[in-house]
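Engineer: This is what each chain is made of:
2 protein chains.
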Amino acid sequence: MNPETPLPELCLSLAQRAKAAASLLVSANTAAKNAWLVASANRLESRADELLAANALDVKAAPGFGLTAASIDRLTLTPARIRGMAEGLRQVAALPDPVGEVREGGTRPNGLQVLKVGVPLGVIFFLYESRPNVTADAAALAVKSGNAVILRGGKEAAHSNAAIHALLAGELPNHGLPADAVQLVPTTDREAVGHLLKLNDYIDLTIPRGGESLIRRVAAEATMPVLKHYQGNCHVYVDASADLDVAERIVVNAKCHRVGVCNAAESLLVHAGIAEAFFPRIGRAFRERGVEVRGCERTRHFLPDAKPATEVDHAAEFLDLVISAKVVPTLEAAVEHINKYGSKHTDAIVTRDLAASRKFVQTVDSAAVMVNASTRFNDGFELGLGAEIGISTDKFHARGPCGLRELCTYKYVVTGDGHVRG
Amino acid sequence: MNPETPLPELCLSLAQRAKAAASLLVSANTAAKNAWLVASANRLESRADELLAANALDVKAAPGFGLTAASIDRLTLTPARIRGMAEGLRQVAALPDPVGEVREGGTRPNGLQVLKVGVPLGVIFFLYESRPNVTADAAALAVKSGNAVILRGGKEAAHSNAAIHALLAGELPNHGLPADAVQLVPTTDREAVGHLLKLNDYIDLTIPRGGESLIRRVAAEATMPVLKHYQGNCHVYVDASADLDVAERIVVNAKCHRVGVCNAAESLLVHAGIAEAFFPRIGRAFRERGVEVRGCERTRHFLPDAKPATEVDHAAEFLDLVISAKVVPTLEAAVEHINKYGSKHTDAIVTRDLAASRKFVQTVDSAAVMVNASTRFNDGFELGLGAEIGISTDKFHARGPCGLRELCTYKYVVTGDGHVRG
Numbered sequence: 320m321n322p323e324t325p326l327p328e329l330c331l332s333l334a335q336r337a338k339a340a341a342s343l344l345v346s347a348n349t350a351a352k353n354a355w356l357v358a359s360a361n362r363l364e365s366r367a368d369e370l371l372a373a374n375a376l377d378v379k380a381a382p383g384f385g386l387t388a389a390s391i392d393r394l395t396l397t398p399a400r401i402r403g404m405a406e407g408l409r410q411v412a413a414l415p416d417p418v419g420e421v422r423e424g425g426t427r428p429n430g431l432q433v434l435k436v437g438v439p440l441g442v443i444f445f446l447y448e449s450r451p452n453v454t455a456d457a458a459a460l461a462v463k464s465g466n467a468v469i470l471r472g473g474k475e476a477a478h479s480n481a482a483i484h485a486l487l488a489g490e491l492p493n494h495g496l497p498a499d500a501v502q503l504v505p506t507t508d509r510e511a512v513g514h515l516l517k518l519n520d521y522i523d524l525t526i527p528r529g530g531e532s533l534i535r536r537v538a539a540e541a542t543m544p545v546l547k548h549y550q551g552n553c554h555v556y557v558d559a560s561a562d563l564d565v566a567e568r569i570v571v572n573a574k575c576h577r578v579g580v581c582n583a584a585e586s587l588l589v590h591a592g593i594a595e596a597f598f599p600r601i602g603r604a605f606r607e608r609g610v611e612v613r614g615c616e617r618t619r620h621f622l623p624d625a626k627p628a629t630e631v632d633h634a635a636e637f638l639d640l641v642i643s644a645k646v647v648p649t650l651e652a653a654v655e656h657i658n659k660y661g662s663k664h665t666d667a668i669v670t671r672d673l674a675a676s677r678k679f680v681q682t683v684d685s686a687a688v689m690v691n692a693s694t695r696f697n698d699g700f701e702l703g704l705g706a707e708i709g710i711s712t713d714k715f716h717a718r719g720p721c722g723l724r725e726l727c728t729y730k731y732v733v734t735g736d737g738h739v740r741g
Numbered sequence: 320m321n322p323e324t325p326l327p328e329l330c331l332s333l334a335q336r337a338k339a340a341a342s343l344l345v346s347a348n349t350a351a352k353n354a355w356l357v358a359s360a361n362r363l364e365s366r367a368d369e370l371l372a373a374n375a376l377d378v379k380a381a382p383g384f385g386l387t388a389a390s391i392d393r394l395t396l397t398p399a400r401i402r403g404m405a406e407g408l409r410q411v412a413a414l415p416d417p418v419g420e421v422r423e424g425g426t427r428p429n430g431l432q433v434l435k436v437g438v439p440l441g442v443i444f445f446l447y448e449s450r451p452n453v454t455a456d457a458a459a460l461a462v463k464s465g466n467a468v469i470l471r472g473g474k475e476a477a478h479s480n481a482a483i484h485a486l487l488a489g490e491l492p493n494h495g496l497p498a499d500a501v502q503l504v505p506t507t508d509r510e511a512v513g514h515l516l517k518l519n520d521y522i523d524l525t526i527p528r529g530g531e532s533l534i535r536r537v538a539a540e541a542t543m544p545v546l547k548h549y550q551g552n553c554h555v556y557v558d559a560s561a562d563l564d565v566a567e568r569i570v571v572n573a574k575c576h577r578v579g580v581c582n583a584a585e586s587l588l589v590h591a592g593i594a595e596a597f598f599p600r601i602g603r604a605f606r607e608r609g610v611e612v613r614g615c616e617r618t619r620h621f622l623p624d625a626k627p628a629t630e631v632d633h634a635a636e637f638l639d640l641v642i643s644a645k646v647v648p649t650l651e652a653a654v655e656h657i658n659k660y661g662s663k664h665t666d667a668i669v670t671r672d673l674a675a676s677r678k679f680v681q682t683v684d685s686a687a688v689m690v691n692a693s694t695r696f697n698d699g700f701e702l703g704l705g706a707e708i709g710i711s712t713d714k715f716h717a718r719g720p721c722g723l724r725e726l727c728t729y730k731y732v733v734t735g736d737g738h739v740r741g
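In the order they appear, the protein sequences are chains A and B.
For what it's worth, my numbering labels the leading residue of the first sequence as 320, then goes sequentially.
For what it's worth, my numbering labels the leading residue of the second sequence as 320, then goes sequentially.
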């Protein structure tokens, strides 16, 4: 595209080309899509030098963007990370194709056959922040699910994203797939996002992946549906009947296995009847691992070194070695706390009591409710969906991990032999 | 509620009470919900006199609102229509409960059981125009699917809606269900709608049912998801290989069976290879039934009494004895026309050719694609969903008829015995 093109026209052209590509992708063979994925994976590996060179430009410029050391690490590609990205594409190739999947079907009393069949959504606008491997992941998931995608990465990864995009998009025509199935917004001008968010005649879904302020801004401006992944303030509730070994193991895993992820625990709720037995154990485990506890008054009675918790702490996603804690008089109080302060992401109960487990599962309003299992299991791989494009905290369309099927919708296919309504 | 309450506070109170009711409804027994439906049905019939008296006030005031004779007919209740409304409630009672439905499930290699379970969306704000029976339908579908509903009917039916609402809501506590599960906006002030559309902390979904301008206004103002049912510009495409008897029967049924409904045909596409054989037959059938044809130049060659079709005609939902017509050179041209001018609602092909049928089904981007069957079959009863709250022309969340399951979302329920991630 001519770099002189005014921004509104450039965005309209991207969207129109994506829509044209999408109309071809609906009929693309699974075999062609898989061949593209595998060839792209091979190409990423065989041309790793180009990617590393492009990435080096981004890494060099990173301090100028004010990136922290941790962010620069996330931005940096290595041969091992490129192999990982390629492996991701091969894994998507191995997943079942959601397009054409007969989700339900039957024959009506009058002989009409009614099938509910998976079909692509159409065009997806995907915004993301600095990790360049997301470029490959998102392209893979979009095309495998029959959708054209418009990618908009962070300016910090502009060279890396352009190089990855060029390899993947360049491989599309070799497999009979439309070249515009995967496009990258060819400017880092922030206003391009605003223009694209107005194009609901062409774009069927926007997925913002990044900080909460990015997501809120996108949701406020978008004229099409937005699949949102707000924060994960995940709770573990230790019920009166919990096995203390299981409770300690799950709380420690949920909090400490990886602190910077959305399915890590940020809040601990303990039933009053077991608090005296449980807090000394979990306090010791937390101290060994350097976890700071911010607790209610009763928590601090059992854990004198805990800091006092504020309202903000109970609602916080710390993404750090910090956890809020509260003693609750009943399971109902735990559920009320979770539904008030939580983020509808993932919440766990540790219990041996079947009735408590049923009540918790039924009344906690979250995408995933875990019983005697760590909150860390809420992701696409662990739940069996394969790769995911994000974990939705919305209730509409898709909840929890969003894999290939969640990037699709369905149509009814109704077949008769001349049926008319009487 | 005090009628002096300022509008913003009144709306906030409605929404907060609905949310509180919704948190109780998630655990309501199917038996209680069904008992409420049956008792409400009986109550509508046994207290029909009250409903008829309230309705008479609306009918008397109708000319003052500028209602046409057809609209006044739709507004008018009769003993038979009240029995029909009661029968609708009993039918909803007979449908399976979507709450707690295990949609999918299995056990992961590590022994974790993963279930995907149907749960209510929460609070639904439902706006609708003048038919009072919709009040009972919407309340029934919402409560059966575990959702609290805020109803906002047209001012033309205010007395009828208030009477129906009072009977249904008054019956809720008799079955252990929260009284605020079904609320009616207690004012006809239009500004109330604007206030409610801002309350996305409490309301999970808005469903506007009415004219396109209402739906567009609601979609533009709403801060929560909106399930939209725009117009139905449904096509019948008569393929080169069509059986002419079947084609005539389906076109006549799709156009003439009921002209004022969204799944009636508004556009006829005829393959050039069969146009000469088909047009005289369908022209005769249309003349007999008083159908006006607005056709392309080639159509008018075969049907000299047809009027010329404009671009507007090809995109129109006539809801009348009018149909646009066009001769197309290929199936691909028919699909392109449908995807350009259609409304993603319902489109049909008449063919004997399997490859043509497969191509049409795959490439027409509509909620329902019919093969050798009338477009009139796209509704909840005919497709086996039971009662419906509308037919979505959106692609996100739900497409086509929206019944009980479409008013739900799901959660993952993951059960282990102390599982942690390694």
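Do not rely on the hints blindly, as some may be mistaken.
The list makes no distinction among identical chains, and a pair is therefore deemed to hold if it is satisfied within one copy or across any two copies.
Said to hold, decoys possible - Cut-off 30 Å, straight-line C-alpha distance, at most; resulting in silico cross-link-like pairs (DSBU-like, lysine-lysine):
| id | residue 1 | residue 2 |
| --- | --- | --- |
| 1 | 678 | 379 |
| 2 | 547 | 435 |
| 3 | 517 | 547 |
| 4 | 338 | 474 |
| 5 | 517 | 474 |
| 6 | 678 | 547 |
| 7 | 626 | 517 |
Calculated from the structure, these hints are not laboratory results.
All figures in this text were calculated on a predicted structure; none of them were measured in a lab.
Engineer: For each hint, tell me whether it holds in the structure or not.
Structural biologist: Here is how each hint holds up against the structure:
no.: 1; hint: 678 with 379; result: neither (54 Å within a copy, 51 Å between copies)
no.: 2; hint: 547 with 435; result: both (26 Å within a copy, 20 Å between copies)
no.: 3; hint: 517 with 547; result: both (17 Å within a copy, 18 Å between copies)
no.: 4; hint: 338 with 474; result: within (25 Å within a copy, 41 Å between copies)
no.: 5; hint: 517 with 474; result: within (21 Å within a copy, 34 Å between copies)
no.: 6; hint: 678 with 547; result: within (28 Å within a copy, 34 Å between copies)
no.: 7; hint: 626 with 517; result: neither (47 Å within a copy, 37 Å between copies)
Hint check: violations occur at hints 1, 7; the rest are consistent with the structure.
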